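> Take the sequences, apply the hints, and build the full model.
One letter stands for each residue in the lines below.
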Amino acid sequence: MSTTLSEYRGVSGRHGENSAGLRLWLGQNASQLALAPSVVVVLVVVYGFMVWTGVISLTASKMLPTYQFVGFEQYERLWSNPIWHIAVSNIFIFGFLFIGFSTAFGLALAILIDQKVRAEGFLRTIYLYPMALSFIVTGTAWKWILNPGLGLERMVHMWGWESFKFDWLVNTQYAIYTLVIAGVWQSSGFVMALFLAALRGIDDDLIKAARLDGAGTVQIYRRIIIPQMGPTFMTVGVILMQQAVKSFDLVVALTSGGPGNSTNLPATFMYTQTFGRDQMAVGAASAIMIFMTVTAIIVPYLYVDIRNNRNEG
Amino acid sequence: MITRSLVIASLMLSASMSVSIAADESVEVMHYWTSGSEAAGLNVLKQLLEKRGVTWSDSPVAGGTGMNMVQVLRARIASDTAPSAAQMHAQQVQAWGAEGVLTDLSDLAKKQGWDKIIAPELLPLISYDGKIVAVPVNVHRSNWLWYNKKVFDKVGVQPPATWEEFNQVSEKLLAAGITPLALGGQPWQEADLFENVVLGIGGADFYRKVMVEQDEASIKSETMTKVFDQLRIMNKFVDANYPGRDWNLATQMLIKGEAGMQIMGDWAKGELSLAKMEPNVDYGCSPAPGTKGDYVWLTDNFGFFTTKDANREKGQMEMASAILDKDFQQAFNIKKGSIPSRVDVSMDKFDYCGKAAYADRAEAQKTNTSLPSLAHNAASNAAKTGVFLDVVSTFFETKDMTPQQAIDQLVAGLKSAGQ
Numbered sequence: 091m092s093t094t095l096s097e098y099r100g101v102s103g104r105h106g107e108n109s110a111g112l113r114l115w116l117g118q119n120a121s122q123l124a125l126a127p128s129v130v131v132v133l134v135v136v137y138g139f140m141v142w143t144g145v146i147s148l149t150a151s152k153m154l155p156t157y158q159f160v161g162f163e164q165y166e167r168l169w170s171n172p173i174w175h176i177a178v179s180n181i182f183i184f185g186f187l188f189i190g191f192s193t194a195f196g197l198a199l200a201i202l203i204d205q206k207v208r209a210e211g212f213l214r215t216i217y218l219y220p221m222a223l224s225f226i227v228t229g230t231a232w233k234w235i236l237n238p239g240l241g242l243e244r245m246v247h248m249w250g251w252e253s254f255k256f257d258w259l260v261n262t263q264y265a266i267y268t269l270v271i272a273g274v275w276q277s278s279g280f281v282m283a284l285f286l287a288a289l290r291g292i293d294d295d296l297i298k299a300a301r302l303d304g305a306g307t308v309q310i311y312r313r314i315i316i317p318q319m320g321p322t323f324m325t326v327g328v329i330l331m332q333q334a335v336k337s338f339d340l341v342v343a344l345t346s347g348g349p350g351n352s353t354n355l356p357a358t359f360m361y362t363q364t365f366g367r368d369q370m371a372v373g374a375a376s377a378i379m380i381f382m383t384v385t386a387i388i389v390p391y392l393y394v395d396i397r398n399n400r401n402e403g
Numbered sequence: 056m057i058t059r060s061l062v063i064a065s066l067m068l069s070a071s072m073s074v075s076i077a078a079d080e081s082v083e084v085m086h087y088w089t090s091g092s093e094a095a096g097l098n099v100l101k102q103l104l105e106k107r108g109v110t111w112s113d114s115p116v117a118g119g120t121g122m123n124m125v126q127v128l129r130a131r132i133a134s135d136t137a138p139s140a141a142q143m144h145a146q147q148v149q150a151w152g153a154e155g156v157l158t159d160l161s162d163l164a165k166k167q168g169w170d171k172i173i174a175p176e177l178l179p180l181i182s183y184d185g186k187i188v189a190v191p192v193n194v195h196r197s198n199w200l201w202y203n204k205k206v207f208d209k210v211g212v213q214p215p216a217t218w219e220e221f222n223q224v225s226e227k228l229l230a231a232g233i234t235p236l237a238l239g240g241q242p243w244q245e246a247d248l249f250e251n252v253v254l255g256i257g258g259a260d261f262y263r264k265v266m267v268e269q270d271e272a273s274i275k276s277e278t279m280t281k282v283f284d285q286l287r288i289m290n291k292f293v294d295a296n297y298p299g300r301d302w303n304l305a306t307q308m309l310i311k312g313e314a315g316m317q318i319m320g321d322w323a324k325g326e327l328s329l330a331k332m333e334p335n336v337d338y339g340c341s342p343a344p345g346t347k348g349d350y351v352w353l354t355d356n357f358g359f360f361t362t363k364d365a366n367r368e369k370g371q372m373e374m375a376s377a378i379l380d381k382d383f384q385q386a387f388n389i390k391k392g393s394i395p396s397r398v399d400v401s402m403d404k405f406d407y408c409g410k411a412a413y414a415d416r417a418e419a420q421k422t423n424t425s426l427p428s429l430a431h432n433a434a435s436n437a438a439k440t441g442v443f444l445d446v447v448s449t450f451f452e453t454k455d456m457t458p459q460q461a462i463d464q465l466v467a468g469l470k471s472a473g474q
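For the protein sequence lines, the chains are C and H, in the order given.
Numbered per our numbering, the first sequence spans residues 91 to 403.
Numbered per our numbering, the second sequence spans residues 56 to 474.
The set of hints was computed from the structure by calculation and includes no laboratory data.
Being a predicted model, the structure only gives us computed values, none of them experimental.
Hints may be right or wrong, so weigh each one.
Said to hold, decoys possible - Which stretches of chain H does chain C cover? Using the computed rule of at least three CB atoms under 8 Å from a CB of chain C, they are:
1. 233 to 247
2. 290 to 298
3. 429 to 439
4. 459 to 469
To be verified - Straight-line C-alpha distance at most 25 Å; calculated DSS-like pairs for lysine-lysine:
5. C:Lys-152 <-> H:Lys-186
6. C:Lys-255 <-> H:Lys-291
7. C:Lys-255 <-> H:Lys-454
8. H:Lys-166 <-> H:Lys-186
9. C:Lys-152 <-> H:Lys-470
10. H:Lys-311 <-> C:Lys-233
We put the beta carbon where it would ideally sit given N, CA and C, even for glycine.
Right, here's the structure in full:
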């Protein structure tokens, strides 16, 4: 390495114009050169291993990867597993409610804070703060709050309301909604921040003109402001969706998939199969299913996004 | 500049390599025994090995169920940098044995006569393909019923000998305002309960047919329906907040007298003694209902990974023989709450329940009723065990699920897992 470099220096010393050419080339391609290592890393570590996971899902791998191919057998086993069915229906319930409520609360908070309230900065920080916590902390805290014998229910009982009942956390039918509560609590503030920025970006003249025409506050928000925030809704939707699909730590901390496997999500299912049950190929098959679902949602979004950019450009 | 740093780097590399070649016998041990008493127990082994001139390099991966350690271990083996030894449950020995990565200990075993000193029911599970590939450190018992003596005296009940008696005792405790059964609603704890009900109602042969052989006729039998019926009855003997509770918090309920009984392996003794509870004074241990004369066991073993380095292999052999050292077996198992994997160790220094477990095991060995635990990876491989865990936990928490539905799910799940 060092010898070739010094040889090169010798050469370039004799031919000054070569060195100028190199500098020019470097100047023109500096950004590409700087990006190259990260592109290679992403190609291998993200896309390479995606392909590898796909390959593993077609093999008989159990504890360690093997390359004995069995076709789509692992997918058949995956779809015959009742826990996987629970996980799939859970991700739709959780995803839908989590995205819906986070967006609604975030927007409502943003609109309220936008009313030029006193101590806005202070309130904003309070609502944004949960975002600084990890889902593990959120999950553990809510586990205590929602536990009937420790948290909310016990507190209300001690206040004298003996018949109060809030046992969703230990109820197989409702436990999935406790994940929604904790998730919404964590993410609403962040959504609020995004919406607030969008609200502040709206042209004041438009609003003033509407007021002159006699529009009320509700009408202004409904007809003028919110319709202009389409791109922000898109951003919020995509960010929340990837959070919903990834929410593994929240489940682990809050319910560990219980009671009675009722709060398993595809991500926890995948982890259990791969590392707890020595079913690496089934785990890989479930990962591919998650990937395909996300692709089915993200690709149309990217398509619309790219087409719009092109139209604008 | 570049040349100089390259030279330095290569010098350092060769230096470190020559160090590792010149090193004496050493073992790198991967384990998840990180809690106070467990780490203290392992320290005895470390000192013993250092006396024999073997350097101990510790690679703990915390996490009580060992799932974290398994992840790290797999990565190490896939990248060809396996540790010398790793802690594993009985069925994990079989799984690693099938991968062909475990060192053959047969010569050492023959020289030291392991077949005469190790509990005979463990031998098939530490062997793979006719070779001995692991060494058992301890034997826990999972069919224990722990009960708070003061609570029992106050209510005026005796430890139940059958599941029917268990239900009667529980009703009395309920009437006295005490939670009969301290349980944590985690799949493995519910599976623990399940295996004790299977054994208590069905007996040892039925237990083997279901847990070890997964015989379909037995799983579909009337006896299995009774097992699930009993689990359903027990729904009312646990408090409302049990889902997700850790086992040691359930033991705390027993200690405080909020609950009367707990069915749990003998690691519960650690919690009880931390709370200054005396065996046979403050708390009692009796075999789980209907399992008197039976011994449900689980073991922690060390398996050793094949290596070309002769010094490492010598270290592995030293460690394997040190694990079976009588003094270590005694010191470690007293701390861990388990009993020795050897059958010829003096039990004088063990507590009341430890002595009882040792005597019960000897009795069970004579009648062939010493049985591997399902919930703790001794009876069946991880995939099939997982099916039991899923179905039993779902059944226990889903109040409107019928025994027949549970049995159907077991049969279907086991078929799929067996492929």
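> It remains to establish, for every hint, whether it holds in the given structure.
Hint check results:
Chain C is given as covering the stretch 233 to 247 of chain H, and this holds because 3 residues of the stretch bring a CB closer than 8 Å to a CB of that chain, at least three being needed. Look at the stretch 290 to 298 of chain H against chain C: 5 of its residues bring a Cβ nearer than 8 Å to a Cβ of that chain, three or more, so the hint holds. Coverage of a stretch by a chain is defined here by at least three residues with a beta carbon nearer than 8 Å to that chain's beta carbons; for the stretch 429 to 439 of chain H and chain C the count is 3, and the condition holds. Check result for the stretch 459 to 469 of chain H against chain C: holds, 3 residues qualifying (beta carbon to beta carbon below 8 Å, three or more required).
Taking the CA atoms of Lys-152 of chain C and Lys-186 of chain H, the gap is near 22 Å; set against the 25 Å cutoff, the hint holds. For the hint linking Lys-255 of chain C to Lys-291 of chain H, the alpha-carbon distance of about 18 Å falls within 25 Å, and the restraint holds. Under the criterion of a C-alpha separation no larger than 25 Å, the hint pairing Lys-255 of chain C with Lys-454 of chain H is consistent with the structure, at around 18 Å. The hinted pair formed by Lys-166 of chain H and Lys-186 of chain H meets the criterion: a straight-line CA distance of about 14 Å does not exceed 25 Å.
Proximity of Lys-152 of chain C to Lys-470 of chain H is assessed by CA-CA distance (about 16 Å); at most 25 Å being required, the pair is judged to hold. As the CA atoms of Lys-311 of chain H and Lys-233 of chain C are separated by approximately 22 Å, the hinted pair is consistent with the 25 Å bound.
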